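Going line by line, the protein sequences match chains A and B.
Counting with full-length UniProt numbering, you get residues 1 to 287 for the letters of the first sequence.
Counting with full-length UniProt numbering, you get residues 1 to 284 for the letters of the second sequence.
Since the hints were made in silico from the structure, they are not lab data.
What you are looking at is a predicted structure, and each value in this text was computed from that prediction instead of being measured.
A portion of the hints provided could be inaccurate.
[Claimed, not checked] Among the chain A residues that face chain B by a calculated CB cut under 8 angstroms, a handful are: (1) 36; (2) 40; (3) 95; (4) 106; (5) 128; (6) 154; (7) 218; (8) 236.
Glycine included, each C-beta is placed from N, C-alpha and C at the ideal position.
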Amino acid sequence: MSGHTPKSRVTLSEPTWVKALIMLAGLGFLGFFILLPLAAVFTEALRRGFGAYAEALVEPDALAAIKLTLLVAVIAVPANVVFGIAAAWAIAKHKFPGKSLLLTLIDLPFSVSPVISGLVYVLLFGAHGLLGPFLREHGVQIVFAVPGLVLATMFITFPFVARELIPLMQAQGVDEEEAAITLGASGWQTFRRVTLPNIRWGLLYGVLLCNARAMGEFGAVSVVSGHIRGETNTMPLHVEILYNEYNFVAAFAVASLLAILALVTLVAKSLLEWRHGAELAATARRH
Amino acid sequence: MTVSSGFSLFRRRNRSIIPGFGLTMGITLTYLTLIVLIPLAALVIRPWEIGLSGFLHQVTEPRVLAALRLSFGAAFVAAAINAVFGLAVAWMLVRYDFWGKRVVDATVDLPFALPTAVAGIALTALYAPNGWIGQFLDPLGIKVAYTPLGVVVALTFIGLPFVVRTVQPVLEELDTELEEAAACLGATRFETFMRVIFPVIFPALLTGFALALARAVGEYGSVIFIAGNMPMVSEIAPLLIVIKLEQFNYAGAASVGIAMLILSFIMLLVINLLQRWSRRWAGV
Chain A
1 MSGHTPKSRV
11 TLSEPTWVKA
21 LIMLAGLGFL
31 GFFILLPLAA
41 VFTEALRRGF
51 GAYAEALVEP
61 DALAAIKLTL
71 LVAVIAVPAN
81 VVFGIAAAWA
91 IAKHKFPGKS
101 LLLTLIDLPF
111 SVSPVISGLV
121 YVLLFGAHGL
131 LGPFLREHGV
141 QIVFAVPGLV
151 LATMFITFPF
161 VARELIPLMQ
171 AQGVDEEEAA
181 ITLGASGWQT
191 FRRVTLPNIR
201 WGLLYGVLLC
211 NARAMGEFGA
221 VSVVSGHIRG
231 ETNTMPLHVE
241 ILYNEYNFVA
251 AFAVASLLAI
261 LALVTLVAKS
271 LLEWRHGAEL
281 AATARRH
Chain B
1 MTVSSGFSLF
11 RRRNRSIIPG
21 FGLTMGITLT
31 YLTLIVLIPL
41 AALVIRPWEI
51 GLSGFLHQVT
61 EPRVLAALRL
71 SFGAAFVAAA
81 INAVFGLAVA
91 WMLVRYDFWG
101 KRVVDATVDL
111 PFALPTAVAG
121 IALTALYAPN
131 GWIGQFLDPL
141 GIKVAYTPLG
151 VVVALTFIGL
161 PFVVRTVQPV
171 LEELDTELEE
181 AAACLGATRF
191 ETFMRVIFPV
201 IFPALLTGFA
211 LALARAVGEY
221 GSVIFIAGNM
231 PMVSEIAPLL
241 IVIKLEQFNY
251 AGAASVGIAM
261 LILSFIMLLV
271 INLLQRWSRR
281 WAGV
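In isolation and in its complexed conformation, chain B is listed as follows (with noise of 0.2 angstroms):
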């Protein structure tokens, strides 16, 4: 087989005994090569046709700009919105006991599993002008359903179980004893949560919120139908990515997709480096 002979040079250093490296190594990088990477290096390939300037020409129209701005800057409160609440639901799932605690925990999944569409349209339904919770807000001049808003609530539910599935590991890893300690040397319970519990869950909540941000700033599925998708204005860069494909500007799909992705990749690193402080401030 010449997938397995190709990897003679890993076959050196491995000195295991188990066979089926050769094959199974073969597989992992053929099928990976194939699905993923010949496919993202068109993606990365394709701008450069219309060069540098081009590039530059397409991401910064004012139209893409908008999106761009909504797409990251929704993602980013619907992220902070999820650290908070999360956070909430973490704490509730580990420290109290309630009915029903089980399925409650369970429940927490359902973003993961439920077609982004299928959100999209529920959450809708629910804030529509005329929707059950549309019509409590309109009367208050508060409109979700086809406005920025409406980006957040959806951001908000598919990132949803990133912070709960993130802190509440730590939470429940965390010793008491420390606690005990603090609540013995005269702190009070807000104390004792501000200096000893925070500091240590800390890194993990910045984990789901990067990670909540990660997943929101890609969105596309539920957002698009309680969005409005108002040029300028409701429009989020995924869109902006399908529209310009079919009006058959491939270079500027291709050139919002890269903006986007170094986009990410720069939010990414930035919420890493701060991971990386607030772990050494914590001392963990």
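Here chain A stands alone, though its shape is the one from the complex (with noise of 0.2 angstroms):
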């Protein structure tokens, strides 16, 4: 702290003052955007005692909306990692023309209102959309059903794995792999014995990220589910149900639930941050 050298007066610091104005900005600003909201979750699922919350919990449509959040979760997740893991080995590993183009193209679901990713499933597969009636003549549904549910949360959820290794292998580059290559192995063994060992904590920091998603999507789902209730609610619709029913310390006793994922998620994050972070591509990046 060169604050301290006697000949200069030369500080590196505010003001106490203004130190403590910066201060109360941040922490007050958390405080009421971060703390307060999370309070609010939990004082207002217990507002009648741990019963009702228990009960609304374990009340039939409450069950089918975790089960079926599970389920949607369980496919999308497994099929994002394949495409993750298999869009990272193509574009880290190797050169071709239009990979900035192809980057771009994964990013694109972040870039779109989760509402529009809903809508386009719809004009695509529903009543009235381009596929629709193709669809009712061989008794196949997909808007308003499970299918639906987990395509747009597939779509909403398509970047997280992708985005997180492709930055981490092409940071490690290819000479592990090469090696293995030349040394004899085939191309499967030296993505198990070599790449993955090498991208584990980042695969699993994208797979923590894309679950957390999957499962509190509510825009995306919410268009396509068409609101049946025991049938095509997930946890994040059934939450604006009850809501709507004034069945206030339901609603809020099921979104608590989403919050503890929420806390997990995040705790388990900041571990792999802490412990792993120099191969994680999101905290190589940062430091």
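Assembly of the complex is requested from the two constituent chains, each provided in isolation within its own frame, with the hints serving as guidance.
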């Protein structure tokens, strides 16, 4: 700290009152927008005691919503993991023209409103959609059914794993893989024994964020769901229905489960950043 | 496999000895096309069944214009609030030491992790006239929930991490020698900040602002609970898309969607130009 050198009175810090003001602004802002909403969720959920809270969670429609949310995530997340790994392998380990265009296209779902992400599937598969009549003829229902929920969730969470793995694998280069191949390993062996151990924490990081978004997505699934209780209601949609029925305790009880999921995700994400920061693309870029 | 043979054009350019390019590229392009490109193409094609005049008629309806104005206006205000307070948070996290700093740092990402519907009902509970915060604002005549102000609150919440997370790394890498030099040459701390620090972090601040803005424009889940959704007053554009879909007005819904995409694109283009100009101005 050069501020303490005797010959110059050079200070690299603000006056105390400015410091206090910045701290107040920063902590106050986080308090109002992070802490209070989180506290509100749990307070409202437990407003009528733990009994009412537990009751709201074991109610059949709530259980159906929980099951459906898990089902959607169990399909959408692994699909995006396979895609993410394939995309990162093709993009980071090979040279080809049009690479930056491909990267832009992979990012597209991030820049589209969630409602539009749902809308595109209704325009495609809905009753008046492009493929609607064809699907009806063959008795296949996509929109207002589980396949639509899965598709919309896949669209929304599409870039998460790829976005984490591509910069990570690009930074790691191709030397280790080339050495393995030269020594006679097959492509699959190289991936399993060389690449996968290198990217495992980054992959986990991507999966965490992908899963949190998949389970919590509201806008996109709301458009394709049709809101059939016990059938096409995921947890966030169930929260909305309960809330609109003025069943606030139940709404906040289901919401509290989602808030817990968010907190667990944050803790796991922070642990990964602290312990394995160097092996993550997100923090490697930050330092 | 047909996928690998389809990429013989790429093969020629690709001199890597690492195998699997055809297979992984095949998976990538197939998945990208099925999940993202074909559905988005359906959005772009749809409005043209009503023609250009039909499209213009749909998007110039007074209710649509009011919704677009609210979505973009509230998103702009929210992003501006985030630029100011996000900078304070980033500064505090990089420059100051305080107890519990790591936890505070981690909580900044909560809006990324918390489902938007949960945020929506929580903020409504806080800002409703009888809520924790609302009960103090109500006697002052300030109504937040069920007004455009509520929309700004929700959009501020969901955009919160963007400015912090773009400014933070730049502040961390900032060389304090420059600040020292400025201070040695007699600059006050305020002058040092304005002339030395601010020009360097300004492009990052703009990036964070743009990301928060882009996210807020399309936001739906957290807004619809707190907004009250009165047509012409507190109805956002994404909600209007949902309403038009429920009325089976597919072309109308797609038209509003396209209008939103075009406006976002123009907005981001302007910010991009501004950023390039500011980079040149800062000399970085």
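We went through each hint and held it up to the structure:
no.: 1; hint: 36; in the structure: holds (6 angstroms)
no.: 2; hint: 40; in the structure: holds (5 angstroms)
no.: 3; hint: 95; in the structure: holds (6 angstroms)
no.: 4; hint: 106; in the structure: holds (7 angstroms)
no.: 5; hint: 128; in the structure: holds (5 angstroms)
no.: 6; hint: 154; in the structure: holds (5 angstroms)
no.: 7; hint: 218; in the structure: holds (4 angstroms)
no.: 8; hint: 236; in the structure: holds (4 angstroms)
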